[in-house]
Amino acid sequence: MIEQITYQNQLLALIVSQKFDKPGIHFFTPNELSQQLAYMRHPVGKVIQPHVHNPVIREVQYTQEVLFIKKGKLRVDFYNNEQKYLESRILEAGDVILLVTGGHGFEVIEEIEMIEVKQGPYVGEQDKTRFVGITTAQAKIVEFVQP
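Numbering (the numbering used here), first residue to last: 4 to 150.
Don't read these hints as lab results, they were simulated from the structure.
Watch out, some of these pointers could steer you wrong.
Derived BS3-like pairs: lysine-lysine, alpha-carbon spacing no greater than 25 Å straight-line [claimed, not checked]:
#  : residue 1 : residue 2
1  : Lys76     : Lys22
2  : Lys73     : Lys121
3  : Lys49     : Lys22
4  : Lys87     : Lys74
5  : Lys143    : Lys22
6  : Lys73     : Lys25
7  : Lys121    : Lys49
8  : Lys49     : Lys143
9  : Lys22     : Lys73
10 : Lys87     : Lys131
11 : Lys87     : Lys49
12 : Lys121    : Lys131
13 : Lys76     : Lys121
14 : Lys74     : Lys22
15 : Lys87     : Lys25
16 : Lys76     : Lys49
17 : Lys121    : Lys22
Pair ranges (Cβ atoms, derived) [said to hold, decoys possible]:
#  : residue 1 : residue 2 : range
18 : Lys87     : Val55     : 16 to 26 Å
19 : Val55     : Ala140    : 43 to 53 Å
20 : Gln7      : Val111    : 33 to 43 Å
21 : Gln141    : Glu62     : 33 to 43 Å
22 : Lys131    : Ile60     : 16 to 26 Å
23 : Thr139    : Asn84     : 34 to 44 Å
24 : Ala140    : Glu113    : 16 to 26 Å
As the structure is a prediction and not an experimental result, all values here were calculated from the model.
Here a beta-carbon is modelled for each residue, glycine too, at the ideal position from N, C-alpha and C.
Hey, can you work out the whole structure from these sequences and the hints?
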């Protein structure tokens, strides 16, 4: 199950459910995104040819993050670029989310372990603008329905 969270035709996030299970290679992101996300499933004995990545000059304007939920439950709150709250999702162990644009906040529902991947170099507090988010009671949790 793959879910795209959008607002006014802008991709805010992409969620890959731990239930997603298809053979082969599946890229979920358009080529122009500065952070690429794919799922791969191969049988025993599959050989992935050795390779090196060539130096390519890239320009990154916005930090995009990938979170891999190892354990626990996390509520993700989505905001537009004007910091207006939109809606929330619940992530569980095995889920992966790519945060592309807009704002986001989190509340831990069950003790969590997660891995974060984002582009560098890290520029500290210059990288983000913090703002006051919603309370637990204000969360509008949207359940993903497979089309």
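Do the hints match the structure? See the list:
1. Lys76 to Lys22: 15 Å, holds
2. Lys73 to Lys121: Roughly 17 Å between the alpha carbons, so the hint for lysine 73 and lysine 121 holds.
3. Lys49 to Lys22: Satisfied, since the Cα-Cα distance of roughly 22 Å is no more than 25 Å.
4. Lys87 to Lys74: 29 Å, violated
5. Lys143 to Lys22: Holds, because 23 Å separates the two Cα atoms, which is no more than 25 Å.
6. Lys73 to Lys25: Holds - the C-alpha atoms of lysine 25 and lysine 73 are around 20 Å apart, at most 25 Å.
7. Lys121 to Lys49: At roughly 29 Å apart (the allowed maximum being 25 Å), lysine 49 and lysine 121 break the hint.
8. Lys49 to Lys143: Status violated; Cα separation ~43 Å.
9. Lys22 to Lys73: Roughly 14 Å between the alpha carbons, so the hint for lysine 22 and lysine 73 holds.
10. Lys87 to Lys131: 16 Å, holds
11. Lys87 to Lys49: Distance ~47 Å between lysine 87 and lysine 49 Cα, so the pair is violated.
12. Lys121 to Lys131: 13 Å, holds
13. Lys76 to Lys121: OK: lysine 76 and lysine 121 at ~21 Å, within 25 Å.
14. Lys74 to Lys22: 15 Å, holds
15. Lys87 to Lys25: At roughly 36 Å apart (the allowed maximum being 25 Å), lysine 25 and lysine 87 break the hint.
16. Lys76 to Lys49: 33 Å, violated
17. Lys121 to Lys22: 24 Å, holds
18. Lys87 to Val55: 16 to 26 Å: With a Cβ separation near 44 Å, lysine 87 and valine 55 fall outside 16 to 26 Å, so the hint is violated.
19. Val55 to Ala140: 43 to 53 Å: 52 Å, holds
20. Gln7 to Val111: 33 to 43 Å: Violated, at about 24 Å.
21. Gln141 to Glu62: 33 to 43 Å: 37 Å, holds
22. Lys131 to Ile60: 16 to 26 Å: Roughly 25 Å apart at Cβ, these two residues keep to the hinted range, so it holds.
23. Thr139 to Asn84: 34 to 44 Å: Violated, at about 24 Å.
24. Ala140 to Glu113: 16 to 26 Å: 19 Å, holds
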